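Protein chains: 2
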Amino acid sequence: MSEQTINNTRRKLLQGLGATGLAAVAAPTLAGTSSKDTQWDKTYDFVIIGSGFAALAAAIEAKKQGIKSVAIFEQMPTFGGNSSINGGLFAVPGSPMQKKEGVKDSVDQMVADQLKSGRGIADEALLRHVAEHANEALQMTFDAGAEYLPYLQQLGGHSAPRTYQTTVACGAGITQPLYKMALSKGVEMNKRCRMSGFIRGKDGAIEGVTIETRYYADRKVSEGETLNVRARTAVLVATGGFSQNIALRMAQDPTLTSDVGCTNIKGATGEAMLEMFRIGAVPVHLAHIQSGPWASPDEGGFGYVSNYSIFNFPHSIAVSRLTGQRFMNEIADRKTRADAELSNRDAEGNPVPPLMITHYHDADKHPNCKKVLKYGVGWKFDTLEDLAKHFDVPLKPLKAQIEEYNRYVDSGVDEQFGKPMGEAKGKHIKAPFMVVRLWPKVHYCQGGVKVNQMAQVEDSLTGKPIKGLLAAGEVAGGIHGVSRLGSCSIPECMVMGITAARTAAAGKA
Amino acid sequence: MSEQTINNTRRKLLQGLGATGLAAVAAPTLAGTSSKDTQWDKTYDFVIIGSGFAALAAAIEAKKQGIKSVAIFEQMPTFGGNSSINGGLFAVPGSPMQKKEGVKDSVDQMVADQLKSGRGIADEALLRHVAEHANEALQMTFDAGAEYLPYLQQLGGHSAPRTYQTTVACGAGITQPLYKMALSKGVEMNKRCRMSGFIRGKDGAIEGVTIETRYYADRKVSEGETLNVRARTAVLVATGGFSQNIALRMAQDPTLTSDVGCTNIKGATGEAMLEMFRIGAVPVHLAHIQSGPWASPDEGGFGYVSNYSIFNFPHSIAVSRLTGQRFMNEIADRKTRADAELSNRDAEGNPVPPLMITHYHDADKHPNCKKVLKYGVGWKFDTLEDLAKHFDVPLKPLKAQIEEYNRYVDSGVDEQFGKPMGEAKGKHIKAPFMVVRLWPKVHYCQGGVKVNQMAQVEDSLTGKPIKGLLAAGEVAGGIHGVSRLGSCSIPECMVMGITAARTAAAGKA
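Protein sequences, first through last, are from chains A and B. Be aware that the first sequence starts at 107, since it is given in our numbering, and climbs by one per residue. Be aware that the second sequence starts at 107, since it is given in our numbering, and climbs by one per residue.
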């Protein structure tokens with residue numbers, strides 16, 4: 107008796123069962139139920155799970171490519187996912203603003219920077235694919251009406267100023283225009299809809315998903331029904347990382363307990379990634395979880411300080427409260443800086459968050475500076491004596507450190523930590539002083555499911571793409587290696603979302 | 107209609123289907139078929155997949171605990187797995203030989219050494235569990251008739267000499283006695299039998315496995331039948347690591363291509379681990395793959411040099427062929443040394459494997475020394491001039507380096523790399539010289555499925571143990587963190603195998 111026959115017989119057997127009865131067979135212990143038995147409640151050409159950068163870019167591109175019915179399913183009560191609260195920083199090599207400002211840069215140079223930060227295990231081919239298409243992705247946001255600050259920033263680990271930032275200094279400056287554009291193109295947007303499993307056809311191809319409606323993420327309950335949703339070309343999983351899944355992140359790094367701060371929305375729990383592992387996706391680099399070295403222990407989540415300090419690091423010094431001395435290159439890559447900050451501890455091992463000191467009139471150039479002061483997560487001092495007294499920093503070595511650093515500002519060479527001083531030119535550390543405290547927060551998961559340059563998800567046993575399944579954005583892993591450079595997530599998410607849509611449109615999913 | 111009813115109806119429907127028809131439903135796209143439909147071909151109390159240290163220790167302990175029928179299924183044509191070709195090095199704190207020799211050591215001290223090597227992400231509770239039971243495991247090998255060299259070794263990263271080594275200098279010195287003991291206790295041993303999937307009962311509990319008989323690993327084909335094998339208490343997966351799965355190891359680290367040497371048997375491909383991910387096991391630390399810094403580029407696999415150099419590192423120097431200088435603490439942990447060796451490259455980045463130089467009459471104390479010379483993977487020189495000429499090392503700095511190192515031997519303090527000099531006492535580097543070349547080979551996977559202290563495998567979505575499933579040995583991940591210390595695999599495998607048997611015997615699997 108062939109599988110076909112079994113399934114046909116089983117279909118008859120199951121006729122008359124509602125969606126609920128069927129879901130009981132499928133979930134949670136089986137990794138997918140056979141589509142032969144499925145009564146489809148909804149059918150679309152392209153089904154997208156999630157609504158962040160990757161999902162929205164995919165939805166828009168799918169429409170551009172002529173895919174007729176496109177639906178987004180988002181588990182949270184609002185659209186935009188974790189993308190909407192990220193820093194809104196977008197690295198693009200050879201961008202319009204670089205050309206205007208005469209900044210020399212290239213795909214090769216950006217890839218080289220990322221490979222270095224990836225510490226030998228990044229996926230060069232994927233990084234190159236993203237860098238080559240980053241301008242297209244940026245253009246999509248221009249077309250949607252996204253607005254950016256009128257200057258480029260040089261972020262930690264980048265060898266050139268190549269980073270745009272939204273005027274609102276967060277990702278919503280991109281997700282909101284993209285959301286509107288997707289709506290205007292006829293993408294169906296469904297919120298409080300949680301994907302609970304895959305529906306598989308012959309040979310394991312993904313033909314659809316089960317969707318629980320009226321989902322309340324805070325209580326983790328669905329008050330609606332379970333729909334069998336069919337995807338004619340592909341299901342794209344673009345659900346982000348798992349930074350808020352405490353058990354999973356502690357399995358990878360026992361120090362990342364629930365007490366450790368996290369910049370992500372509560373919904374970043376990774377269940378869709380775990381479902382993909384259950385159908386054979388290859389887990390890659392889950393152990394590499396990134397902490398953001400620009401975060402403040404004085405506020406929750408990403409807060410106001412993160413973007414403030416990302417902007418200010420090039421012309422600031424980070425000093426130990428215990429020694430008054432610098433302890434890192436302030437624009438090294440994220441891992442280097444986070445590790446250096448975490449070493450700031452007293453004799454008993456308790457954290458002593460270091461200080462970032464900036465000349466107030468340089469700091470004030472960033473839109474968040476006033477909010478940082480207003481909400482009491484940053485401090486302004488007229489004299490170094492006041493600063494030292496407030497934070498109990500030894501004054502004499504601090505003074506000497508600032509004088510030494512200011513000589514590096516003049517010479518253009520940081521003799522202590524080799525910090526590139528280009529963006530610090532003319533910007534002495536001097537009164538009045540702005541100070542924020544620094545302590546890393548869990549920010550980004552380099553790990554996820556292995557994907558190829560078509561956004562296909564590879565099967566761990568056959569090595570071949572799982573038919574009908576695509577993944578893009580933070581849920582995909584292995585691209586960045588040990589440590590992702592700042593502002594490289596938006597280009598990755600958008601380019602891989604666009605790529606997924608093209609794969610689906612070409613009938614290659 | 108309840109799941110129970112569906113399954114009952116389905117069972118009727120499927121009656122009359124042979125094992126082959128059923129297997130077609132189960133494999134490879136579904137993560138497990140329902141046991142309700144299963145015609146069991148074989149039934150045991152305890153089913154063990156694999157036949158290395160963990161599997162054999164579990165089988166023997168299961169019998170001791172009164173479990174009646176115990177069966178081992180091994181995919182290769184011989185028993186012992188990768189364990190049989192490992193170094194036969196067994197670290198035990200507070201062992202009989204330490205007591206006899208007056209070596210101060212403790213569980214705490216061994217755990218502390220391992221936590222350091224694990225670089226902050228090892229599982230302290232599991233390490234402690236293993237260290238606390240290591241003496242029991244050692245005793246099991248004594249009882250089985252395993253024989254050890256009459257001295258302890260202090261391996262890289264260990265703060266005390268605590269490592270036994272089998273007289274045959276490989277793991278077969280343990281697996282063969284254990285195999286015989288298991289047989290004598292009535293354990294059923296099946297070879298060329300490959301597990302191809304899990305059979306799940308109500309609520310997803312593992313009730314058995316599918317076993318393909320007459321399996322030919324070299325051709326990856328089964329010429330026998332597919333058996334449905336029932337496990338009344340538990341299935342224990344003890345199948346080792348995935349060092350020989352090129353695609354999977356390259357997904358984690360693109361530099362580990364098929365050109366990179368590997369110390370493991372061909373069967374170390376990790377499919378059983380991948381099957382466990384398909385039923386919801388948590389992937390942990392797959393990105394951390396260890397290379398052995400004691401391997402030689404002049405022979406295949408583990409070869410003769412590995413154990414030779416493990417023994418000799420404490421009283422040898424490792425020098426760069428380009429500079430004639432030392433470049434590492436010769437008994438640092440494995441990752442530290444492997445990374446240091448890999449940095450030995452010419453201006454074009456091509457490997458220039460460094461040299462390990464030992465006084466011949468110290469080197470000769472190791473049983474492999476003669477074989478190293480016989481098979482041309484080591485060289486003996488009467489003068490330093492001959493050595494330098496043969497390997498094109500600059501003589502003057504090499505000579506100065508050796509003189510400097512010999513002063514450290516006298517003073518007991520390595521001023522260059524902080525190597526603990528206790529075991530080097532009185533052992534100058536002098537003529538005649540023995541030399542081997544060093545280059546890391548892929549050796550061990552720190553990653554695998556997450557397990558707890560009862561060897562239970564946790565479900566990624568519920569966090570609870572997957573009922574009926576246990577895992578032990580290298581297939582389990584997360585215990586050692588970033589880098590495992592040498593000689594800590596045998597205690598882990600055996601203790602966790604014994605633990606698994608006790609969990610099964612207590613009816614807690």
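No wet-lab data here; the hints were simulated from the structure. Errors might be hidden in some of the hints.
It does not matter which identical chain is meant; a pair holds if it fits inside one copy or across any two.
[To be verified] Taking lysine to any residue pairs in the SDA-like style, the calculated list, with each CA pair at most 20 Å apart, reads: (1) 570 to 377; (2) 372 to 218; (3) 486 to 327; (4) 222 to 442; (5) 372 to 356; (6) 477 to 608; (7) 205 to 569; (8) 471 to 614; (9) 471 to 328; (10) 495 to 560; (11) 614 to 559.
Only a predicted model underlies this, so the values are computations on that prediction, with no experimental measurement involved.
Okay, the hints, checked on the actual structure:
1. Only between protomers do residue 570 and residue 377 lie at most 20 Å apart by alpha-carbon distance; the minimum there is 15 Å, versus 23 Å within a single protomer.
2. Neither within a single protomer nor between protomers do residue 372 and residue 218 lie at most 20 Å apart by alpha-carbon distance, with minima of 34 Å and 35 Å respectively.
3. Taking CA atoms no more than 20 Å apart as the test, residue 486 paired with residue 327 passes in neither setting, with 46 Å inside one copy and 72 Å between copies.
4. Taking the shortest alpha-carbon separations for residue 222 and residue 442, both the intra-copy value of 12 Å and the inter-copy value of 19 Å come in at or below 20 Å.
5. Taking identical chains as interchangeable, the C-alpha atoms of residue 372 and residue 356 lie at most 20 Å apart only when both belong to the same chain, with a minimum of 16 Å there against 33 Å between chains.
6. In this assembly of identical chains, the alpha carbons of residue 477 and residue 608 never lie at most 20 Å apart, being 42 Å within a copy and 59 Å across copies at closest.
7. In this assembly of identical chains, the alpha carbons of residue 205 and residue 569 never lie at most 20 Å apart, being 41 Å within a copy and 52 Å across copies at closest.
8. Taking the shortest Cα distances, residue 471 and residue 614 never come within 20 Å of each other, neither inside one copy (48 Å) nor across copies (62 Å).
9. In this homomeric assembly, residue 471 and residue 328 never come within 20 Å of each other (Cα to Cα): the closest approach is 46 Å inside a single copy and 69 Å across copies.
10. Taking the closest pair of Cα atoms, residue 495 and residue 560 never come within 20 Å of each other, the shortest separation being 57 Å inside a single copy and 53 Å across copies.
11. Within a single copy, residue 614 and residue 559 get their C-alpha atoms as close as 12 Å, which meets the 20 Å cut-off; across copies the closest is 45 Å, which misses it.
Of the numbered hints listed earlier, those contradicted by the structure are 2, 3, 6, 7, 8, 9, 10.
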